[in-house]
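> With the hints as extra help, turn the sequences into a complete structure.
Position one of the sequence shown corresponds to residue 1 (the numbering used here), numbered consecutively onward.
It is worth saying that the hints were derived from the structure and are not from the lab. Beta carbons: idealized from backbone N, C-alpha and C, even for Gly. Hints should not be assumed to be uniformly reliable.
With a straight-line Cα cutoff of 20 Å, these simulated EDC-like cross-link-like pairs (lysine to aspartate or glutamate) come out [stated by the list, open to error]:
(1) Lys30 - Asp61
(2) Lys125 - Asp144
(3) Lys79 - Asp137
Ranges between beta-carbon positions, derived for each pair [to be verified]:
(4) Val17 - Pro114: 38 to 44 Å
(5) Asn159 - Ser62: 55 to 61 Å
(6) Met42 - Asp81: 17 to 23 Å
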Amino acid sequence: QDNNPASPEINPVIGHVIWTGGFTAPMLNKMYSAPSGEFHSMIRMGDEMIIAGTTQTTIFDSNDLTFEHLTITSSAAIKADCDVVWFFGSISSDSVIKWTNQGYEVIDLQHKLPIEIESYGSSSKIIYMHGINSNGDYKILTFDYSSYGSIESGRGFLNFSFILIFSVIFAVMGWNIIERMKF
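Laid out in structure tokens, this is it:
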């Protein structure tokens, strides 16, 4: 396929530029060209830079100047507190990815993602996303990442109810056994 100079093929590129300041020109130290997609977010995590993209995510380590490529795809990537990054997919996605330095975890959503995310941000344990739903209407979606696994979430409440009910049942059974042993 010919590359038309009027509309060239777009390839996402990540480069590591070294500049000591002063009168010297910046120098390109390392470069990585991805096969397709686009990069949409750069998130600093200590000595690492997470570069999230639609077809892959790349982690650049500034200590040893290496690139690590992950198969995490997303439309939005947002840093929460405690060095956690949340990756959100496109409209109708049924899961999100929670990434930490120890690895990542795929978390199923109760409902499919109702919007195609255009802009996003976070504030005080809430991630907010602006986008367009399938009808073409602009919508705002909020995601409370502090409730995942807590008693306020549906799963946390069910777990708590299960433990409470069966603790009461076992206590009654134990009480009956003790009462029977008295005679």
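> Let me make sure I understand: some of the numbered hints might not hold for this structure. Which ones are they, in numerical order?
3, 5
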